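Enquirer: So the chains spell out like this:
There are 2 protein chains.
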Amino acid sequence: MKIYLAGPDVFLPNAVAMGRRKRDLCERYGHEGLYPLDNEVDPRAKDASLRIFQGNQDMMDIADAIIANLTPFRGPSADAGTIFELGYMAGWRTPEGLRKICLGYSNAPAPYATRVANFTDLKKTSEGQLLDPDDMIVEDFGHADNLMIVHALEERGHPLMTASEIKDWDDLSLFEECLKLLDKRKGPNHA
Amino acid sequence: MKIYLAGPDVFLPNAVAMGRRKRDLCERYGHEGLYPLDNEVDPRAKDASLRIFQGNQDMMDIADAIIANLTPFRGPSADAGTIFELGYMAGWRTPEGLRKICLGYSNAPAPYATRVANFTDLKKTSEGQLLDPDDMIVEDFGHADNLMIVHALEERGHPLMTASEIKDWDDLSLFEECLKLLDKRKGPNHA
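First to last, the protein sequences are chains R and W.
Here this note's numbering is used: position 19 in the first sequence is 19, and no number is missing along the way.
Here this note's numbering is used: position 31 in the second sequence is 31, and no number is missing along the way.
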């Protein structure tokens with residue numbers, strides 16, 4: 001099946017090589033990997049940004065599944081573009097009501113609340129609610145990220161695959177675990 | 001029409017009052033606001049997190065439009081749950097191919113690259129590419145956030161409404177501008 005390869009991998013210094021490695025792994029498991037266009041469009045070209053968006057959207061529309069790299073990026077949550085794309089795939093359905101398969105992994109093991117605590121001081125109310133310095137609630141369900149992301153994966157594919165210890169950006173072992181999960185499924189666009 | 005009211009407003013100390021204010025504003029413009037369930041489910045209840053997800057997803061499925069509060073939250077990008085929901089609404093379509101209307105606003109004026117620079121030191125390559133301390137590329141198209149978010153709004157509704165100076169979380173003037181934009185549209189689920 002066709003798999004959209006979402007992730008901040010496109011921002012890595014070795015982004016193009018990472019795309020190749022991910023596509024090669026897909027092929028080894030009998031699938032076709034679709035890697036976002038960010039590195040194929042010259043950023044100085046006219047409408048580069050819009051062309052990347054439209055190309056990525058076109059790939060998502062034809063993909064049967066998404067494997068999203070949800071490793072935290074520039075903050076306690078995953079990369080904004082990757083989260084958008086996971087949402088896009090979770091909301092998408094065929095006219096017959098069939099859905100895309102949504103899988104994701106994170107190379108960092110800590111739950112969301114712990115990661116927020118690494119950035120800022122948290123306090124607990126007498127009712128046990130966790131607050132940040134602006135008194136804004138910190139989701140504290142033990143999830144790796146926002147609950148919408150976590151439950152969307154459970155409902156559309158498989159619970160988020162989380163590393164038991166911090167792994168490098170280059171480590172694709174959990175990405176490969178996602179590919180193995182796909183192989184156990186009956187086929188694309190299952191309900 | 002029915003409008004899903006996405007945003008980290010649900011994490012504010014006055015989250016319930018904010019929901020009421022947003023719903024009241026919707027009503028004033030002849031619409032019905034659907035506010036995420038985060039504050040209606042007791043976080044200590046069994047399956048609270050899953051119930052919030054399912055409730056929010058049900059509301060998104062019946063909504064004609066989304067107005068997303070994309071003000072930066074705990075990092076240089078918008079709130080993870082809000083971005084997921086914007087993606088969900090952007091990917092969604094009826095069996096006839098009709099789409100949801102996607103609108104969004106940010107109460108912070110700075111472009112993404114400037115916001116990243118507020119968190120960490122950036123450098124520029126000889127080709128003019130902006131890199132963070134991990135040598136990861138910083139998107140530098142002058143957008144307020146990741147290009148997928150920005151262009152999805154342009155394509156499905158209206159360009160992101162951005163404040164000309166920083167506004168408080170309580171300031172709903174740009175939210176109201178989004179409601180006025182909706183009124184100029186022909187109807188729900190336009191192509």
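Don't read these hints as lab results, they were simulated from the structure.
Wrong hints could be hidden among the right ones.
Remember, identical chains collapse to one label, so a pair may be satisfied in a single copy or spanning two.
[Claimed, not checked] Calculated pairs, BS3-like style, for lysine-lysine (alpha carbon to alpha carbon, straight line, at most 27 angstroms): (1) K184 with K123; (2) K167 with K123; (3) K124 with K184; (4) K46 with K123; (5) K180 with K167; (6) K180 with K46; (7) K124 with K46; (8) K124 with K180; (9) K46 with K2; (10) K46 with K167; (11) K123 with K2; (12) K184 with K46; (13) K123 with K180.
Fair warning: this is a prediction, and the values are worked out from it, not measured in the lab.
Enquirer: To test your reading of the hints: which numbers does this structure violate?
Expert: 1, 3, 6, 8, 9, 10, 11, 12 and 13
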